[in-house]
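*Asks:* For this one, chain B is given, so just place chain Z on it according to the hints.
Number of protein chains: 2
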Amino acid sequence: METTSAIIIIGNEILSGKTQDKNVSFIAKRLAAIGISLTEVRIIPDIEDVIIDTVNILRKKNTFVFTTGGIGPTHDDITAKSIAKAINTELCLNKEAHKQISDFYKSIGEELNIYRERMAMIPKGAELIDNDLTKAPGFRIENVFVLAGVPKILENMFSYVEQKLPKSDPICTKILDVSIGESKIAGILEDIQEKFKDIDIGSYPYETDFGYNTEIVFKGKSKLSIEEAYIQVRNLVHKKGFDTK
Amino acid sequence: METTSAIIIIGNEILSGKTQDKNVSFIAKRLAAIGISLTEVRIIPDIEDVIIDTVNILRKKNTFVFTTGGIGPTHDDITAKSIAKAINTELCLNKEAHKQISDFYKSIGEELNIYRERMAMIPKGAELIDNDLTKAPGFRIENVFVLAGVPKILENMFSYVEQKLPKSDPICTKILDVSIGESKIAGILEDIQEKFKDIDIGSYPYETDFGYNTEIVFKGKSKLSIEEAYIQVRNLVHKKGFDTK
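Protein chains in written order, with my numbering: chain B, 79 to 323; chain Z, 79 to 323.
So that you can see chain B by itself, here it is in the shape it has in the complex (with noise of 0.2 Å):
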C-alpha cells in the first residue's frame, strides 16, 4: 500500500500573511525522493481544539503527519501540549530534553529559566527528534512528528526524520519548458494522459516578457512512462512548430 503523508503548518503568522511559508516545499521534495505521497497541507491557527481536531483527522487518513511550529518557549507556544491532549497522552518533563536544553544554556554561559525548562515539556510516550542548532528538541509520537517552525531547524530535524521512514521508489518528475501558451498544446497533453494513466501530466503557465510559456510537469513513479510520455509530448510539440527547452 502506498506510504502517505499530510503536513499542518500551525502558526498565525503564515495565516496574515505576515511570514511566507518555506517549509512546504522543501519537506515535499524530501518525502518524494523516499517514496511517500504528500496528499495534503493544512495551515491552521494557535488554537488548542483546531489544533487536536487537524491532527486527529489527518493522522487517520494518512500513514505519517508532520507539524511545524509552535514548539517554541513562548505563550503561544502550544503545539506539545496540544498533541499530547490529541493523542490522550500526558505532558511530561523530559530528562534526555532537558539535559541537551540545559547543557546547550550553560555551554553558551547562560542560565536556565522556566520559559526555556518548557521546551523540555513533551508528550509522554515521545521519542525525540534532534535539533543541532538550539538543541529544543522534536519528536514523534505514534504517527505524528512534530517539528519546529523555522526553517533552518526545521532542515536539520528533518535529516533525523527521514532515517525513521520508510523508503521506496523515488516519485520522479521530469519538466518540459515549451515555448507556448498552454492553450495551443491543450489536445496533445489530454491525449498523452490518456495514454500513460500510471503518471500525472501537469501544465502550468508562467509569464514571460513576451507572453506565457508552459511548464509540462511528468510525475510518477513508473520513470519508463515519464520518459516514454515526455519524449510523445516533445515530438508533437515540435510537429506542430513550438519550441522546448
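Check each hint, because a few of them may be wrong.
To be verified - Residues from chain Z that keep clear of chain B, each with C-beta distances beyond 10 Å, as calculated: (1) T81; (2) F104; (3) K107; (4) R120; (5) H176; (6) D210; (7) D278; (8) Y290.
Said to hold, decoys possible - What follows is a set of in silico ranges between Cβ atoms, one per label pair, in the way DEER data are often shown: (9) Z:I253 x B:K242: 33 to 39 Å; (10) B:D181 x Z:D269: 38 to 44 Å; (11) B:L190 x Z:N166: 42 to 48 Å; (12) B:K275 x Z:T286: 49 to 55 Å; (13) Z:Q310 x B:G187: 26 to 32 Å; (14) Z:T167 x B:R312: 38 to 44 Å; (15) Z:K275 x B:S246: 35 to 41 Å; (16) B:E168 x Z:I253: 31 to 37 Å.
Quick caveat, the hints were computed from the structure, so don't treat them as lab data.
These figures come from a predicted structure and were not determined experimentally.
Beta carbons are placed, not taken as given, at the ideal position from N, Cα and C, and that holds for glycine.
*Replies:* Chain Z in isolation, oriented as in the chain B frame:
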C-alpha cells in the same frame, strides 16, 4: 458576527514542492485590511472528490471560501467542474465568458479552439469575476470565489473580488523587533498577553549573523490595545537591557 474565510489552494505543483505558493500571503493581507479573518488554508491535489469535499466542509464553516488554481484550458484543470458538483449545479457554456474569451483571441489574431472554449464552461448561476490579463474569468457561486492560480492573474481578479466583500475595521498588526532570542523575554510576553486578551501577541525568532532576534507581533482589531501592549512590552524589554527597533 465575525466575517471569516478559508483558502483552498488546488494544485499538485504546490504539493510536489515544485512551485512555491505566493497566493496565501497575498490574499491573507488583503483580507486583513478589510477585517476578514482567515481561519484556515488547505493545499489539496487536483482530484475531483477531494475538491468537492474540501469546498463543502469549508464553505459551511466560513463566511467565504476562496479557491486558487485549476481553471485553465488543460486536462488537469478540473476546478470549475468540481465546484459545480459541490454546489449541486451544472457546468454550462457562459455566454458572457465565451464572448470575453473569443474577443481576446480575436484581438491577438488567434483562433478559438475547443480548449480555450472550455474556459467559458462555468457553473450555472455563477457570477463572473473579470480577468484583465488573459480574459478567462474566475467566478463566484454562493459563498465560493473561484480564482486563477497564476499569481498575477489572481491578483488582478482579487481587485474585483474585493468590491463584493463586506468591509469592517482592519485587522491591524504592529511589530516590535527585539535584538535577543525569545526565551529571554518569554515572561514579559506572557504577562502582557494576559493583560490584553482582545489581541494576539505572537513571538517569532529569526536568525541573524550573531544568533537569534525576535519579532513580536501584536495583532487584532483594537488599535488601542495594540498600541498599549506594544509600549508596555517595549518598556519592559528596555528595562531588561535589550535593544528594540
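*Asks:* Compare the structure with each hint and give your call.
*Replies:* Going through the hints against the structure:
1. T81: With a cut-off of 10 Å, Z:T81 remains clear of chain B, as the shortest Cβ separation is near 15 Å.
2. F104: At roughly 7 Å from the nearest Cβ of chain B, Z:F104 sits no farther out than 10 Å, so the non-interface label is violated.
3. K107: violated (4 Å)
4. R120: With a cut-off of 10 Å, Z:R120 comes too close to chain B, as the shortest Cβ separation is near 5 Å.
5. H176: holds (14 Å)
6. D210: Correct as stated: the minimum Cβ-Cβ distance to chain B is 14 Å, above 10 Å.
7. D278: Violated, since 6 Å does not exceed 10 Å.
8. Y290: Violated, because the least Cβ-Cβ distance between Z:Y290 and chain B comes to about 8 Å, which does not exceed 10 Å.
9. Z:I253 x B:K242: 33 to 39 Å: holds (37 Å)
10. B:D181 x Z:D269: 38 to 44 Å: violated (29 Å)
11. B:L190 x Z:N166: 42 to 48 Å: violated (59 Å)
12. B:K275 x Z:T286: 49 to 55 Å: At roughly 51 Å between Cβ atoms, Z:T286 and B:K275 fall inside 49 to 55 Å, so the hint holds.
13. Z:Q310 x B:G187: 26 to 32 Å: holds (30 Å)
14. Z:T167 x B:R312: 38 to 44 Å: holds (39 Å)
15. Z:K275 x B:S246: 35 to 41 Å: violated (49 Å)
16. B:E168 x Z:I253: 31 to 37 Å: holds (36 Å)
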